[in-house]
Amino acid sequence: MNTLAWRRLWAVIVKESLQIMRDPSSILIGLILPVFLTLLSGYSTNLDIEGISIGLALEDHSPDAQDLAAAFRATKYFKVTQGNDRREFTGDMVSGRLSGLVVIPQTFSRDLARMDGEVPFQVIADGSVPNTATFLQNYAMGVWQTWLAQRGDERRAGQTGLVRLVPRTWYNQELVSLNSLLPGGMAINLTLIGALLTALVVAREWERGTMEAMLATPLGRFEMLLGKLVPYFLLGMAAMFLCLGITLAVFGVPFRGSLAALVTVSSVFMLSALGLGLLISSLANNQFVASQTAIQAAFLPAYFLSGYVFEPSSMPYPIELLSRCIAARYYVSCLKTLFLAGDVWEVLLPNMAAMAVICAATLALTLGNTRRTLA
Amino acid sequence: MTPPLVVATGLSMRFARQDPPALDGITADIPAGRVTGLVGPDGAGKTTFIRLLAGLLHPTQGGLTVLGLDPVTRADAIHARIGYMPQKFGLYEDLSVAENLRLYAEVRGLPPDEEAETFRRLLDFTGLEQFTGRLAGRLSGGMKQKLGLACAMIRKPELLLLDEPSVGVDPISRRELWRMVKALAAQGIGVLWSTSYLDEAEACDHVLLFARGRMLFTGEPSELTGRVRGRVFQVRGIGGGRRAVLRRGLELRGVIDGVIQGRNVRFVLADGSSGLDLQALDAGPRATLDPVAPRFEDAFLDILGGGPGGVSVLARNMAPKQPGPEAVVEARGLTKRFGGFTAASGITFAIRQGEIFGLLGPNGAGKSTTFKMMCGLLRPSEGQALVDGLSLAACPGAARARIGYMSQKFSLYGTLSARQNLEFFSGIYGLTGARRRQAMQSMVDIFALGPHLGESADTLPLGFKQRLALACAVMHEPAVLFLDEPTSGVDPITRREFWTHINGMVERGVTIMITTHFMDEAEYCDRIALVYRGRTIAIGSPDELKDEARGPGAPDPSLEEAFIALVERSGPERDARTAA
Numbered sequence: 001m002n003t004l005a006w007r008r009l010w011a012v013i014v015k016e017s018l019q020i021m022r023d024p025s026s027i028l029i030g031l032i033l034p035v036f037l038t039l040l041s042g043y044s045t046n047l048d049i050e051g052i053s054i055g056l057a058l059e060d061h062s063p064d065a066q067d068l069a070a071a072f073r074a075t076k077y078f079k080v081t082q083g084n085d086r087r088e089f090t091g092d093m094v095s096g097r098l099s100g101l102v103v104i105p106q107t108f109s110r111d112l113a114r115m116d117g118e119v120p121f122q123v124i125a126d127g128s129v130p131n132t133a134t135f136l137q138n139y140a141m142g143v144w145q146t147w148l149a150q151r152g153d154e155r156r157a158g159q160t161g162l163v164r165l166v167p168r169t170w171y172n173q174e175l176v177s178l179n180s181l182l183p184g185g186m187a188i189n190l191t192l193i194g195a196l197l198t199a200l201v202v203a204r205e206w207e208r209g210t211m212e213a214m215l216a217t218p219l220g221r222f223e224m225l226l227g228k229l230v231p232y233f234l235l236g237m238a239a240m241f242l243c244l245g246i247t248l249a250v251f252g253v254p255f256r257g258s259l260a261a262l263v264t265v266s267s268v269f270m271l272s273a274l275g276l277g278l279l280i281s282s283l284a285n286n287q288f289v290a291s292q293t294a295i296q297a298a299f300l301p302a303y304f305l306s307g308y309v310f311e312p313s314s315m316p317y318p319i320e321l322l323s324r325c326i327a328a329r330y331y332v333s334c335l336k337t338l339f340l341a342g343d344v345w346e347v348l349l350p351n352m353a354a355m356a357v358i359c360a361a362t363l364a365l366t367l368g369n370t371r372r373t374l375a
Numbered sequence: 001m002t003p004p005l006v007v008a009t010g011l012s013m014r015f016a017r018q019d020p021p022a023l024d025g026i027t028a029d030i031p032a033g034r035v036t037g038l039v040g041p042d043g044a045g046k047t048t049f050i051r052l053l054a055g056l057l058h059p060t061q062g063g064l065t066v067l068g069l070d071p072v073t074r075a076d077a078i079h080a081r082i083g084y085m086p087q088k089f090g091l092y093e094d095l096s097v098a099e100n101l102r103l104y105a106e107v108r109g110l111p112p113d114e115e116a117e118t119f120r121r122l123l124d125f126t127g128l129e130q131f132t133g134r135l136a137g138r139l140s141g142g143m144k145q146k147l148g149l150a151c152a153m154i155r156k157p158e159l160l161l162l163d164e165p166s167v168g169v170d171p172i173s174r175r176e177l178w179r180m181v182k183a184l185a186a187q188g189i190g191v192l193w194s195t196s197y198l199d200e201a202e203a204c205d206h207v208l209l210f211a212r213g214r215m216l217f218t219g220e221p222s223e224l225t226g227r228v229r230g231r232v233f234q235v236r237g238i239g240g241g242r243r244a245v246l247r248r249g250l251e252l253r254g255v256i257d258g259v260i261q262g263r264n265v266r267f268v269l270a271d272g273s274s275g276l277d278l279q280a281l282d283a284g285p286r287a288t289l290d291p292v293a294p295r296f297e298d299a300f301l302d303i304l305g306g307g308p309g310g311v312s313v314l315a316r317n318m319a320p321k322q323p324g325p326e327a328v329v330e331a332r333g334l335t336k337r338f339g340g341f342t343a344a345s346g347i348t349f350a351i352r353q354g355e356i357f358g359l360l361g362p363n364g365a366g367k368s369t370t371f372k373m374m375c376g377l378l379r380p381s382e383g384q385a386l387v388d389g390l391s392l393a394a395c396p397g398a399a400r401a402r403i404g405y406m407s408q409k410f411s412l413y414g415t416l417s418a419r420q421n422l423e424f425f426s427g428i429y430g431l432t433g434a435r436r437r438q439a440m441q442s443m444v445d446i447f448a449l450g451p452h453l454g455e456s457a458d459t460l461p462l463g464f465k466q467r468l469a470l471a472c473a474v475m476h477e478p479a480v481l482f483l484d485e486p487t488s489g490v491d492p493i494t495r496r497e498f499w500t501h502i503n504g505m506v507e508r509g510v511t512i513m514i515t516t517h518f519m520d521e522a523e524y525c526d527r528i529a530l531v532y533r534g535r536t537i538a539i540g541s542p543d544e545l546k547d548e549a550r551g552p553g554a555p556d557p558s559l560e561e562a563f564i565a566l567v568e569r570s571g572p573e574r575d576a577r578t579a580a
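Chains A and B, in that order, give the protein sequences. Counting along the first sequence from 1, when you hit position 273 you're at 273 in our numbering, and nothing is skipped either side. Counting along the second sequence from 1, when you hit position 458 you're at 458 in our numbering, and nothing is skipped either side.
In case anyone wonders, no lab produced these hints; they're calculated from the structure. Nothing here was measured: the structure is a model prediction, and the numbers come from that model. Glycine included, every Cβ here is placed at the ideal spot set by N, Cα and C. Incorrect hints may have been included.
Said to hold, decoys possible - Sample of chain A residues at the chain B side, in silico, Cβ under 7 Å:
hint	residue
1	15
2	18
3	20
4	22
5	212
6	213
7	215
8	217
9	374
Required output: the full structure, derived from the provided sequences and hints.
The following block contains the structure:
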């Protein structure tokens, strides 16, 4: 590039920056959408459930039974309505006001004393909401195990045997699902934001007729695209920091990596997300089609194929292969590593290399598809 | 003589194999230091031609050099030496005037030390000095156009390509732009000005006349108008209806074109025609036949073989309207405010039955706002709009059933076929059963829509689109027809046909309200309301308005001159308010 070309590049950067500052939709996508999406994903995709409404039918009034009932009432996972007979709760179960029912039968004290490993009470869960039903059963068993342990009844709590299995989870010790979901969700959100930001910019120039005027000037397509990329990259990184801030401050997700590593990884990813938007934009020629395409083409594959919720390793081979073309997949992996483990470069570097390849391919395609003529 | 800037030989452009060529064997030169008009109706291939010159399209066939270079291989070199203003002016609406200028200066590589001087000169030239901080999107149409021009000539180009710079621009801004362009040509710049307004051709030094991808004429405009010299007449002193005189005249052998001009009727005779028989026109005892100077449009119609006849089958099939109240359409103190901005203020007029009433005014003057209130599309802040004595606000349904509406964008459903559009509009106007079938069949016959019935409205040729829109608006035989720039971009022959129908319907007692930018169309009106800055500054017949504008500087003003004079008289300096 000669000196004049630098001047043209700078002119485009200044122009795009001014447009960003004056265009409410850029601000909306770049600064409001990340906040909204992160809050939304933080509050909605929580796989841990608290305060499940259950009925507790205390048909045995022995001290043991009373004590177990107190343990159920004490846990934050359940919101307990207590009664003396299971029949009292059938109506609420049918209407769905209660998600489950714990019955401590009259035989409880007797069965407890027999100590034959049988659980001496009954858990009934509303199977029409399978996710909650599973939690309810697991939590109820948790309450039971804890109660037994506190009674010093080790035999029953650990299941009798020579080998004791004690599960130990690494990286996310409390198994708080938010801790692994939110970093993944950040990748999905930034895919959408990055693609939406740039999907409109080339299409807008076609629609408003400014592209035609620019094509008839000495401005080259490389200068045009790079000039657009620079300010949107900065805006995209600002969006990334917003997502990060909310994830840490509002949802208390731990971050064990370094900021420098995060910025490096995110830069590569953001370029590929913006590149995807530019590619869509250069193909679409009108803002409506471009924004629709960006949502479909960026968000959906990122959601299903990135490993955010669904592990690519458990997908059929062709689909798994397809997921390797999605930059978000590598970014999800990097973010989970950075949040939960730290700067593990053995993980980050290969993922960054894959993102860089995708990014280069996208930008090359965009450059090839940016026409110098109108037909 | 300097060599021409552009040389085209046998230039053809075809977008798709099955379509007719957009340009077909064009051989033409564009000289330096002159304004060359690229003239023709929509679909003539003007924009395609300009884009070929700018290297934005590659020709299918033929030779083309621009500034001695081949635009296919040397587009970059050409871009550095030309200025190009596309149809939407190429401005960034969210950048200010100064920011647009700076962007174009930097992209075009204007040396930084020349910037200040160049900006000062261009802002002075365009009269935009006071508005450097205003966003381009907030400028009026005329100011946008001047800024677009300034951006296109930021580095003094050798060739300036302007694609329809005068579309949507009022006569006053148009005149200012012409002054600028003439000044540029005087500096040696070659200017190509494309336009569908045929009257602009006469102001050019040199003309390329296009129609349907072919070049019909190239040369000085006077050369073409010279061909019809001695064949153009005005019938003056008409007693009785001038519309009837026009109808009778157009049916005479040897008359190829006729239009209404205020109280007179203008006819063009065929080459070798013996003359016009005043008796046959039945124009009254005091009518005279006076030869007048030919116009470019007369010659254009002559080349195309003349306009349509004078009888409207549409009107003939229509039942005559029963005489109604004194005023069929009435505006009583119509006022519309948008926030703090008053778009229309105290507009009052009454339209008699069988009258053509025109609303004219510069862009943003409030005529669209007034028009929309009259057809019940916009609720007035104050005042009343009445149709047949019914208030559009109080009984919108009953009032609207008496109205036919046709707008600039032809108000058709683009993705529906022509037949489905007819069905839909007959349905919403309450036609059913045999009456509906009959009305639709009659529209298809009158407007020759038969071969196009299955095509979607968007893909129809513009002329047919316009016919279909008119058919949809009049199928239910409305008492009142509202026409919002109904002939924008349509070729002169289709416009003649359109006016034949309108005139015929008016003779049947239909009342018309119309807005237009074409001054020759305004001549068809019985009365005109001139709207400016939200107020009516003059109401009267075209001739009364001309009389009002007559002065020492303008002994015989045209309607356009009258329009400009009246607007300028009403306010000392034109306010550069945003176009509404």
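When the hints from earlier in the document are held up against this structure, which numbers fail? 3
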